[in-house]
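Residue strings, one per chain:
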Amino acid sequence: MSALSSIVVSGIGVTASAGQNKEAFLAGLLSGENLFGIMQREGRQAPETPPSEDETPLQEKYLGAEISKLSVPDSIPKSLLRTASWSSQVTVSTLHEAWNDSRLDEVASERIGLVIGGSNVQQRELVNVHDKYRDKPQFLRPTYAMSFMDSDAVGVCTEVFPIRGPSYTLGGASASGQVAVIQAINAVRSGQVDVCIAIGSMMDLSYWECRGFRTLGAMGSEKFAFSPELACRPFDLDHDGFIFGEACGVIVIETKEHARKRGADIYAEIKGWSHIMDGNRNPNPSLEGEKTVVTNSLRMANMTASDIHYVNPHGTASIVGDETELSVLKQSGLEHAYINATKSIIGHGLSAAGTVELIATILQMKAGRIHRTRNLTTPIDMDFNWVREKSIQQTISTAISLSMGFGGVNTAVCIEQC
Amino acid sequence: MNVNEIFDVIVKNTREVVPALESHNFDFEDSLKELGANSVDRSEIIMMSLESLELNVAMIHFARAENMGDLATIMHDKQ
Numbered sequence: 233m234s235a236l237s238s239i240v241v242s243g244i245g246v247t248a249s250a251g252q253n254k255e256a257f258l259a260g261l262l263s264g265e266n267l268f269g270i271m272q273r274e275g276r277q278a279p280e281t282p283p284s285e286d287e288t289p290l291q292e293k294y295l296g297a298e299i300s301k302l303s304v305p306d307s308i309p310k311s312l313l314r315t316a317s318w319s320s321q322v323t324v325s326t327l328h329e330a331w332n333d334s335r336l337d338e339v340a341s342e343r344i345g346l347v348i349g350g351s352n353v354q355q356r357e358l359v360n361v362h363d364k365y366r367d368k369p370q371f372l373r374p375t376y377a378m379s380f381m382d383s384d385a386v387g388v389c390t391e392v393f394p395i396r397g398p399s400y401t402l403g404g405a406s407a408s409g410q411v412a413v414i415q416a417i418n419a420v421r422s423g424q425v426d427v428c429i430a431i432g433s434m435m436d437l438s439y440w441e442c443r444g445f446r447t448l449g450a451m452g453s454e455k456f457a458f459s460p461e462l463a464c465r466p467f468d469l470d471h472d473g474f475i476f477g478e479a480c481g482v483i484v485i486e487t488k489e490h491a492r493k494r495g496a497d498i499y500a501e502i503k504g505w506s507h508i509m510d511g512n513r514n515p516n517p518s519l520e521g522e523k524t525v526v527t528n529s530l531r532m533a534n535m536t537a538s539d540i541h542y543v544n545p546h547g548t549a550s551i552v553g554d555e556t557e558l559s560v561l562k563q564s565g566l567e568h569a570y571i572n573a574t575k576s577i578i579g580h581g582l583s584a585a586g587t588v589e590l591i592a593t594i595l596q597m598k599a600g601r602i603h604r605t606r607n608l609t610t611p612i613d614m615d616f617n618w619v620r621e622k623s624i625q626q627t628i629s630t631a632i633s634l635s636m637g638f639g640g641v642n643t644a645v646c647i648e649q650c
Numbered sequence: 007m008n009v010n011e012i013f014d015v016i017v018k019n020t021r022e023v024v025p026a027l028e029s030h031n032f033d034f035e036d037s038l039k040e041l042g043a044n045s046v047d048r049s050e051i052i053m054m055s056l057e058s059l060e061l062n063v064a065m066i067h068f069a070r071a072e073n074m075g076d077l078a079t080i081m082h083d084k085q
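Chains as they are written, first to last, in our numbering: chain X, 233 to 650; chain F, 7 to 85.
Source of the hints: derived by calculation from the structure; they are not laboratory data.
A couple of the hints might just be wrong.
To be verified - No farther apart than 35 Å at their CA atoms in a straight line, the calculated lysine-lysine pairs in the DSBU-like style are these:
| id | chain 1 | residue 1 | chain 2 | residue 2 |
| --- | --- | --- | --- | --- |
| 1 | X | K254 | X | K301 |
| 2 | F | K39 | X | K368 |
| 3 | F | K84 | X | K523 |
| 4 | F | K18 | X | K523 |
| 5 | X | K622 | X | K562 |
| 6 | F | K39 | X | K364 |
| 7 | F | K39 | X | K310 |
| 8 | F | K84 | X | K562 |
| 9 | X | K455 | F | K39 |
| 10 | X | K368 | F | K84 |
| 11 | X | K301 | F | K84 |
| 12 | X | K301 | X | K523 |
| 13 | X | K254 | X | K455 |
| 14 | X | K455 | X | K368 |
| 15 | X | K364 | F | K84 |
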């Protein structure tokens, strides 16, 4: 490809608590109704423990927004689904939407690549298997040897769809989804493939990960344990950590010329991107790292901060994370842009977040609507152009989306409507 | 359990692992391989059947089985 070729998004697939497919997902975001509750999926809550001597009350329950019903396309073989993890089932079903959306049947299979963002994404499934077979390991199903690996999702997707170009998983913690998009762009720009599919895979937490995140202080919500609808509150004075949300996003990346030749619809052009490490193994954010990716992606997009109409922030509801991110946006000159927090409606998808939030950005751009930010009663900083109480009608031509992950991962992507 | 009852367990698990065989009329001479079950499917069917029967038998014992009747017979003999 030419160095001047434009990189575009030509297909989208999305599944989250707000809905499965683009239309349902956008409608869920714009309605902004509560999707949070005590999580019900098997393996999400720790087994009941007896009260302690001092009669410490009930064990904590983990809150989240789970996918209520997954519609699996008939074309996906039942024999494959039987042993595919929940995460892989959601992934392959979501890919189905993006595949058809982008008309990828018309592209040579060896010219299509796949990058699945996320590592250790099926912990709940593993815990359930371990619990079931702890006392009878001799009967462990042979397929466990395949399904325990994250890369099984690559096998499942490439068996169902004719993807024969380089395909792999990568890990970038909570920035995995956006790292996958950036790697997919690199695969297209390098000429390795003509089309590359980026997936933010569905992170399937067990009660062990929930416990770990809670103990670390990253996961809320002790303040709103009995009011799940109030628990997820990015950028609000009462925020106390992220609330989990099941989600998966799929984005098809290619050049504008390649998409046009096929007659595929173009959602947006990706104008700039950046992926920088802090050099910090810990979960704490870095103002310098975040500011660098914002600056780099704007520069690459040949834009200034004043050109940006809308910011889709990482906005997890972490106390330090939210404050750091707003400082970054302020120092970058982005206070004027409209801003909301997608996680306030669908929760934190962890490995999926970066892809799903880029999809949320694109769909809002296309609809000319910006969704509200739930529970943003008292913003920690009033200097921003918050969309708070209800969704608004607003033309957006340019946007920046940020993702950050444990271990010092920072990413940003600038997009423009075509 | 007699051999026929064990055979029924194997058939039930085969139908679960290979849904395309849902309406197939199984008999002892049927070969899982010839019916389209790949090596992973076959090991899965055997392990599911062993679990159903609570039989602790090493997989190596099934290497000489040529058909589903042989599988049922080996499991019966190991009870």
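- prompt: Does the structure keep K301(X) and K523(X) at a Cα separation of 35 Å or less?
  reply: violated, 39 Å
message: Run the distance test for K39(F) versus K368(X): straight-line Cα separation, threshold 35 Å.
response: With Cα atoms ~28 Å apart, K39(F) and K368(X) stay inside 35 Å; holds.
task: Take a quick look at whether K301(X) and K84(F) sit within 35 Å of each other, Cα to Cα.
output: Not satisfied, since the Cα-Cα distance of roughly 43 Å exceeds 35 Å.
- prompt: Within a Cα-Cα threshold of 35 Å, do K39(F) and K310(X) meet the stated pairing?
  reply: holds, 19 Å
field: Given hint K84(F) paired with K364(X) - CA-CA distance at most 35 Å
entry: Holds, at roughly 24 Å.
- prompt: Keeping to a limit of 35 Å between CA atoms, is the pair of K455(X) and K39(F) held or broken?
  reply: Status violated; Cα separation ~58 Å.
task: Sort out whether K562(X) lies within 35 Å of K84(F), counting only the CA atoms.
output: Cα-Cα ~73 Å, so violated.
message: Next pair to validate is K455(X) with K368(X); report whether the Cα-Cα distance is within 35 Å.
response: Status violated; Cα separation ~41 Å.
Distance restraint between K622(X) and K562(X), which requires alpha-carbon spacing of 35 Å or less: With Cα atoms ~24 Å apart, K622(X) and K562(X) stay inside 35 Å; holds.
Restraint check for K368(X) with K84(F), where alpha carbons must lie at most 35 Å apart: holds, 18 Å
message: Just to be careful, I want the Cα atoms of K84(F) and K523(X) compared with a cutoff of 35 Å; is the pair within it?
response: violated, 67 Å
query: Would the pair K254(X) and K455(X) pass a check requiring their Cα atoms to be no farther apart than 35 Å?
result: holds, 33 Å
Hint compliance for this structure: hints 3, 4, 8, 9, 11, 12, 14 are not met, and every other hint is.
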